[in-house]
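Protein chains: 2
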Amino acid sequence: METQSTGARRGPKPRPHVRENLLRLGVKMLHEGGYTATGIKDIVDAAQVPKGSFYNYFENKEAFGKEAIDLYFESGLSKLRELLCDEKTAPLERLRNYFELRVRGFRSAGYVRGCLLGNFSLEVADHSPLIRDRLAVHFRTWSSLFESCIEQAQQTGAIRNRMPAALLAQFLLNSWEGALLRMRAEKSDVSLNQFIEVVFGSILV
Amino acid sequence: METQSTGARRGPKPRPHVRENLLRLGVKMLHEGGYTATGIKDIVDAAQVPKGSFYNYFENKEAFGKEAIDLYFESGLSKLRELLCDEKTAPLERLRNYFELRVRGFRSAGYVRGCLLGNFSLEVADHSPLIRDRLAVHFRTWSSLFESCIEQAQQTGAIRNRMPAALLAQFLLNSWEGALLRMRAEKSDVSLNQFIEVVFGSILV
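So the protein lines, in turn, are chains E and S.
Okay, so the first sequence: first residue is 1 according to the numbering used here, each after it adds one.
Okay, so the second sequence: first residue is 1 according to the numbering used here, each after it adds one.
Take the hints with a grain of salt, since some may be wrong.
Pairs count within a copy or across copies, as identical chains cannot be separated in the list.
Said to hold, decoys possible - Distance condition first, Cα-Cα at most 30 Å in a straight line; then the derived DSSO-like pairs of lysine-lysine:
# : residue 1 : residue 2
1 : K61       : K41
2 : K79       : K51
3 : K187      : K51
4 : K79       : K28
5 : K88       : K61
None of these hints come from the bench; they were simulated from the model.
Let's have the full structure, built from the sequences with the hints guiding it.
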């Protein structure tokens, strides 16, 4: 499907997969270059469609950014659910496995790009209520998955910390975003490993 | 001094305070608008000097960004030291006072802008080794101040957590950056208060 979409030629009419292809390429470019640095022209050029095509599908760049952040989060959501809701694994272990998997992913990627939700929170959220609202929604979905693992682990006694699971989950998510931020500045996995060490050694205990 | 500098008129020659004024305005604009969105032209226009003036003082935008991040961090450093090294206050209380003061500051500012070190870490660090190095240096200076409070509080027994003070300090700093990131998406102090609750209720205990 990727080859088919990328191979689309210039033409004035909306065609199947053009919207999907613009978004898929857009997510990649926004993730690599940032929101401001990625122009509509860059995206349509990468998709090999005329600029007018963009406006067949998206009102403006902000609306595109909103769709891009939705696609980014939703395309990772089934994997996230699979890992964090897997009842065959103990809830605390699921959480740890999830973070360790992500550390390996960022290590192979060379500690670049980080999390698009985090990037947009700092680069775009002050200036776009539309995108800010989507970020808030996705962050809540994400932390609710942490929360359910923490709650289960508290019930089984694997976590004795009696702070509310929702509070610990939100803290965990925000701290993870902070560890990713520091990873970008240091270009190393030190902050990610420190996150795992403190979270599983001092908080979820 | 501010009025004098802002009042500088256009002219081809380097003048006292021009460099300082460009940087001071640059920090403000980079903080409000972001690195990519702030052009050299925007900065010289705000300073009311011709574009050539910029190149009398800075090789390029990246070199300017490096100086801006240094100025940003260093202008807050004496206040940071004053709060965190104040021997009249117990070390754990100093840390808590520091974060509570910052929460009040972000609340009055309407939860925008956040921390320029964090913003540059996500927007610029992947693309500029020069700026990345400065971010890493400033983050280390900052966390060493946390570390010294934590170490002292461990010595007095105010913190029984025996994890290395350096590890806890780095985690604290990164988690704070993450809480600020989430603040930007939610436009509320919830993440900041959650940070304080978990840090002082479950980690520095």
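> Which of the numbered hints above does this structure break?
Replying inline: 2, 3 and 5
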